[in-house]
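Visitor: What follows is the residue order along each chain.
2 protein chains.
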Amino acid sequence: MLKYSRQRESIKEFLMNSHDHPTADTVYSAIRIQYPNISLGTVYRNLSLLASTGEITKITCGDGADRFDADTHPHYHFLCDRCGHLEDMPMDPIGGLDELAKNFYQGRISGHQTFFYGTCPGCLKKEKEKA
Amino acid sequence: MLKYSRQRESIKEFLMNSHDHPTADTVYSAIRIQYPNISLGTVYRNLSLLASTGEITKITCGDGADRFDADTHPHYHFLCDRCGHLEDMPMDPIGGLDELAKNFYQGRISGHQTFFYGTCPGCLKKEKEKA
DNA sequence: TCAATAATAAAAATCATTACTATTATTGTA
DNA sequence: TACAATAATAGTAATGATTTTTATTATTGA
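Taken in sequence, the protein lines are chains A and B. Heads up: the first sequence begins at 1 in my numbering, then just goes up one per residue. Heads up: the second sequence begins at 1 in my numbering, then just goes up one per residue.
Be a bit skeptical, because a hint or two may be false.
Copies of the same chain look alike in the list, so a pair counts if it works inside one copy or between any two.
[Unchecked claim] Here are the simulated lysine to aspartate or glutamate pairs, EDC-like style, with alpha carbons at most 20 Å apart:
no. : residue 1 : residue 2
1   : Lys58     : Asp98
2   : Lys3      : Asp98
3   : Lys3      : Asp92
4   : Lys102    : Glu87
5   : Lys102    : Glu127
6   : Lys102    : Asp88
7   : Lys3      : Asp25
8   : Lys102    : Asp81
9   : Lys58     : Glu127
Think of the hints as simulated: they come from the structure by calculation, not from any bench. Being a predicted model, the structure only gives us computed values, none of them experimental.
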């Protein structure tokens, strides 16, 4: 049975106002302003909990720590291989991919994640300046 | 300047004959049969190196350790949320997504990765048997 | 054959995340 | 409101994957 906690509410609210896919540690730092005694374990536990209920999405992109996103609408991400910056891709995702996949796979498909990788505009600019 | 190493060749060959997306530790165990003194650090370094040259692909799916795949053709993966099994999706990927994305994004896009998640046929069966 | 240097083994260090435990907060009920 | 049950917490220790360090070994071009 799930019980209310002010820490969890605070974490959720912070994430809903974030649009830069913070890591657990970033969330921890932010929540600490309001709840100086919150522990990192509490942050991790609640982020996992919120992800398991589908209220937020956990993004594992292979670049260090996992990121979290309160925007659960289907959308693509882009990961810069230079600066590690993760951002939303400004494009509509291809629709119906899960449904299509169900025609080819016997298991239960609950969703998918797509992320692009490459070099972000900022790092591209720096690269050109050096050359 | 890149120098030949028998360990790297062995790692690459093992991966080319694997089709189950082994972790670094699994590769380590396998290579140790031939090279009992190889160190895990060497395995990690060479896997990273091979991934950076594009000879293999590193798959970070958020379930424990990273996996490695010598099949670099574009294809989707499926991760079971029960047993953690990672497998290839038996379907052709949507073509031209990178090109499409380039129309919407200012940076350099070098590729993308898509993985589906849900429950694999085996775990689905176990679930039904219990109920 | 030799010098330069990339790659290695082995071990220690780091980083993200999870587990543990005693205490505190929440909740349904009397 | 008071109380008992128990979920959640803080603080800390432990874990697991990966990276770094360093002295030694292997590869390579001259």
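Visitor: Each hint needs a verdict: does it hold in this structure or not?
Guide: Do the hints match the structure? See the list:
1. Taking the shortest Cα distances, Lys58 and Asp98 sit within 20 Å of each other inside one copy (18 Å), while across copies they are farther apart (23 Å).
2. Taking identical chains as interchangeable, the C-alpha atoms of Lys3 and Asp98 are never at most 20 Å apart, the minima being 33 Å within one chain and 44 Å between chains.
3. For the identical chains of this complex, Lys3 and Asp92 are neighbours neither inside a copy (37 Å) nor across copies (44 Å), given an alpha-carbon limit of 20 Å.
4. For the identical chains of this complex, Lys102 and Glu87 are inter-copy neighbours only, at 15 Å across copies versus 29 Å inside a copy, given an alpha-carbon limit of 20 Å.
5. Taking the shortest alpha-carbon separations for Lys102 and Glu127, only the inter-copy value of 19 Å comes in at or below 20 Å, while the best intra-copy value is 43 Å.
6. Taking the shortest Cα distances, Lys102 and Asp88 sit within 20 Å of each other only across copies (14 Å), while inside one copy they are farther apart (26 Å).
7. Taking the shortest alpha-carbon separations for Lys3 and Asp25, neither the intra-copy value of 24 Å nor the inter-copy value of 39 Å comes in at or below 20 Å.
8. In this assembly of identical chains, Lys102 and Asp81 lie within 20 Å of each other by CA distance solely across copies; the values are 16 Å between and 32 Å within a copy.
9. With identical chains, the CA atoms of Lys58 and Glu127 are never at most 20 Å apart, being 31 Å at best within one copy and 25 Å at best between copies.
Of the numbered hints listed earlier, those contradicted by the structure are 2, 3, 7, 9.
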